[in-house]
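4 protein chains.
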Amino acid sequence: MASNTLGTVFKVTSFGESHGPAIGVVIDGCKAGIPFDESFISKQLQRRRPGQSALTTDRKEDEKFSVISGVFEGKTTGTPICILIPNTDARPADYEAMKNVFRPSHADYTYHTKYGVRDYRGGGRSSARVTAGWVAAGAFAQSILAQKGIIIQAYVSQVGNIKISKPYTELNLADTDASSVRCPDKEAANAMEAYIEQLKSQGNSTGGMVSCVIKNCPAGLGEPLFDKLQANLAKAMFSINAVKGFDYGSGFEGVGLTGQQHNDEFVSAQGKITTRTNFSGGIQGGISNGNDIYMQVAFKPVATIATPQRSLNTDGEEVTLEAKGRHDSCVVPRAVPIVESMAALVIYDHLLMAGI
Amino acid sequence: MASNTLGTVFKVTSFGESHGPAIGVVIDGCKAGIPFDESFISKQLQRRRPGQSALTTDRKEDEKFSVISGVFEGKTTGTPICILIPNTDARPADYEAMKNVFRPSHADYTYHTKYGVRDYRGGGRSSARVTAGWVAAGAFAQSILAQKGIIIQAYVSQVGNIKISKPYTELNLADTDASSVRCPDKEAANAMEAYIEQLKSQGNSTGGMVSCVIKNCPAGLGEPLFDKLQANLAKAMFSINAVKGFDYGSGFEGVGLTGQQHNDEFVSAQGKITTRTNFSGGIQGGISNGNDIYMQVAFKPVATIATPQRSLNTDGEEVTLEAKGRHDSCVVPRAVPIVESMAALVIYDHLLMAGI
Amino acid sequence: MASNTLGTVFKVTSFGESHGPAIGVVIDGCKAGIPFDESFISKQLQRRRPGQSALTTDRKEDEKFSVISGVFEGKTTGTPICILIPNTDARPADYEAMKNVFRPSHADYTYHTKYGVRDYRGGGRSSARVTAGWVAAGAFAQSILAQKGIIIQAYVSQVGNIKISKPYTELNLADTDASSVRCPDKEAANAMEAYIEQLKSQGNSTGGMVSCVIKNCPAGLGEPLFDKLQANLAKAMFSINAVKGFDYGSGFEGVGLTGQQHNDEFVSAQGKITTRTNFSGGIQGGISNGNDIYMQVAFKPVATIATPQRSLNTDGEEVTLEAKGRHDSCVVPRAVPIVESMAALVIYDHLLMAGI
Amino acid sequence: MASNTLGTVFKVTSFGESHGPAIGVVIDGCKAGIPFDESFISKQLQRRRPGQSALTTDRKEDEKFSVISGVFEGKTTGTPICILIPNTDARPADYEAMKNVFRPSHADYTYHTKYGVRDYRGGGRSSARVTAGWVAAGAFAQSILAQKGIIIQAYVSQVGNIKISKPYTELNLADTDASSVRCPDKEAANAMEAYIEQLKSQGNSTGGMVSCVIKNCPAGLGEPLFDKLQANLAKAMFSINAVKGFDYGSGFEGVGLTGQQHNDEFVSAQGKITTRTNFSGGIQGGISNGNDIYMQVAFKPVATIATPQRSLNTDGEEVTLEAKGRHDSCVVPRAVPIVESMAALVIYDHLLMAGI
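Protein chains in written order, with the working numbering: chain X, 3 to 358; chain L, 3 to 358; chain S, 3 to 358; chain W, 3 to 358.
Worth flagging that the hints you see were computed from the coordinates, not collected in a lab. Heads up, a few of these hints could be off.
Covered stretches of chain L (chain X as the covering partner; in silico rule of three or more C-beta atoms under 8 angstroms from a C-beta of chain X) [claimed, not checked]:
1. 4-18
2. 39-53
3. 127-138
4. 217-231
5. 258-268
6. 309-316
For each residue, glycine too, the CB sits at the ideal point set by N, CA and C.
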């Protein structure tokens, strides 16, 4: 089935493999006359890029991109926008050895079972490389939302068992990029970095959590029944490689509360209707209510590790995977712009769906 | 936007309000020649129905249903199946008082803001009443999957802070309906029931967790990139009223693990490829791998409580909501068939998408 | 595949068979607060109904309908509108004889081949009976368009080889229903009626043409590339049973013209840009230009005739079909409201797509 | 709205403008393991290319293409196939003069009205240049169908008022490319070529007709209600620039026939069910019946002519368009591969929809 398109009005179609000539996206459904901000796209691609710091893999992905269509004299024309990002650091030879091997907790086995034929080089289509295209599209959406005052900010809130204990309202999210781990709490950031360094030296990896806050989102986004705002946010986040959990508002913590604790009392503030608490996470009945929308996205540990692992090959024979190639002990710092991008795609799509 | 349809091949369109003449669904995309099992649909509707036990609300919803189209001589014909479920216990007068009031943590305010006009009677379209239609469609899907050996079982794993500590593999899920709280662990079930009774007597409510396991799901379900199996499961679950969180496999717990702990080693068992552990939760790269798929769905506390609450009316004036009407202190026992139904709709849709 | 939904924003899902309890539609994507005009729906259903005049079949379809959802206190609520039309004149016994026979130029053979199981009673799902639901939905759309000044008028322009020779601009379309054949040219109407009477007495039938004009359609409707206005009009018209051809503007006649003859010169009229001629038929590059949109829809002769025919049964044996049951020698007078409805559905959907 | 995607299972998303760096398509929904036949794509692109003969425009479009993704070691992988066709002969300066002018019967006015911003160079997105991408995708589909024995052949059947009088069954369609006008009837071809030459020398243009036949199409393609095979063929053909009419089977001619003449009697031939005549055009009730599918596509005269024309500019002022630039007096010979491609896309999509 054709399943490479995200969105209802603002539709993003993704294409490309990790080691083909390029990856890219086609954005269809964008209105005409919108300034196309290449610099913010570059910035977000840079934040997603491997090799930004000692913490991450040293693959140097070239994040130059070409706009093939849909933009004329700096503005969108209402026609499809194709963005192409060349794969310049492809080293297919590195992957020849993995041709017939199922790497544990990767998509090798399931792709092999489903498709038979697969581009095994660097994970091919299942590689996180393809998220660069999403970030290009998402950064564009984010720049449009920013023009409307809607701000999307993601940050790392947990690495392994090291968590930020404060709620987002007590953090200065402008500090997010102050640490290479993209955690706005300095103390936690230091501990996270030390932990990642340690795992890296051991050839091991860790899971992590990205939290995301959307501010100034107008009331009225979200379509009952099956395009509830939270449902589409969830779907978008679970599209990201390695994501295992998502919650918003009170989330999993809300299970332990009572209705009397959890109900958000409506109050009037400066002539506007708002709520005293925000356990609802800015969404009620699937529709935004104007309060902050906040959510958590749980990532499993990176599957590629630098210690030998036992596995099977395509003939079902036992093999030992030697620890080779690039290695990223913790993916969540680089996932921050991806989470922002997916949130931006969903919010902007819903803004257009709602005709706002 | 038109947002009342779920599914890609097996499409379910929902219609109806809590206090209109009927609610229903149209199922489009069902193959011809499939026996239409009305008894299992009845059974699941009965499990979802309010008023089953002392634990739940006493609204007596009549769960008779009519099949208007698409079934001929007991078999599907490949044409749309319309199922109509009359609303027989509608008491509009009960709701007249709520016409202009925004109930806390309900969808009143957001619907009012988005639509202006709304059927305020019993929540109208935002009422959980409409999930009866989903259960009818989902039970039909579940019965088809059962014929193929694919078993979907949900159960209550947490109420308030009372949790089952054992993994699902150590539970006997056949015992789920032995307790009115639908928790297969007897000890936990007793504690949950006592807690709910206590809250009910206080006019209060609690959140809860539904866990769900899918067994014998073939490998190959799930479509990269944006119809990953977990993404569509998440979207379906977040369509259910009151859901605040979803995870699968290692989920939020996986954040604290390392790659060496978490990677699922491929092993050969009886000539079949499987994995030694199943932190992946039966899905890798968005595609099922043949192992059990397991997930958790977090529900917030029921918003309707039987104690007075402060709120605002549509004119922005402060009002006190008197505690009236039906009251369900814990919704998760009744959510068990809903979670099963949503899982069934997603799995069967993916089975058809994959052409299996 | 699920293929019973028409439209992108204003989505109409059709369900029901000729001899089941009811046929109907679910309209999803309608805005809130729109008055729901039941009287115009009734009027158009009445125009589509068999048995209106001596010219048509004598099946007395009861065109009462129920609105199950989506309308509250006379206005739409933005939730799905389900309209149910009971089948009250079903006479299944009449059709028992046709159970295993492939009627020539009907859908019996193709449904049998595709589905195996089929509701053979009166054509089941392939019966023109289901267009009653489209007319209900289309009449609703037409009433909304009329409020905006957009007028859709269809009429019979040809029956057999009897044609109106004048262009629509020289006809008084208000006279359409003055003749039972719904041809606004009195002379042609008389000839058509005589021809149909003659064929009816012979147990024979004829093809016909419905022309349709859309006035006051704003410029800007139609989406490049694959939702061109004419493409969606064509698709909608070819969804109607018995339609074999469609053209718009100069249509098939335009093939014989030269560019110098055919190009529509832009001119200024009362400060507005228009064109001197309108060979374009109100659409250029797939987008309406504000001029009249006009089109022709060609219907084949009715396949049900009242003379014996030779055919095959499901075992491939030769059989003779006795001439039984209802018989409609010319379907186009009743097709007039269907064509209007399909045009209305497309135009209104495009209006919403264009955000106008 | 996002409207640049055609197809339900085999989805083709088009992007690009006439004078941007490239045009292209993304094909999503293609199965894995299908040989990717570049040579047939090249051949069809060559047939569509301007400048093939003295009859057509002398723009030399470079029809080299790159496959960016989705094909690995010569076979499809089930992931999106992006095909990029560079625009090498773009001469933007030629079009500067047309920046503010509405060319008669082009899309300039409607795009200007709808979008405000537009890439006016050579028609931008509304240029027939973009059909090169459709031909690339369609030729790929056509090559897959050919492997299954399904043959799609289009040819020119009319230019101006010069028609082939014979039905397709009496023509040798292998002779289509023997004439530069792509008419398989030699006598008609000669007359057409002479007529086109004459118009070209006068700076004028003509309309034309492309007929298309699909042989060996299995029974069962086409989905009721709104994806009838003819409805999707019609929609696809009306997506092609300059198309004003479409019919299939008896088409517009069928209007003049009676039911007794038109009904296709079922007969048994070599143990197979077929029909004695084929007025149905191989489709009954929206579903193919295994007979030949044949259709006609009517094209208006080319709007670009080489004689001065009066028009308006974007300020509503009268201007005279000088006859400059490339000129193609008759587009239908080059439309032959486009019609084949659109037919192939629809048929292959329906084959996958039907699960055949």
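Unmet hints by their number, sorted upward, for this structure: Hint check: 2 fails alone, others pass.
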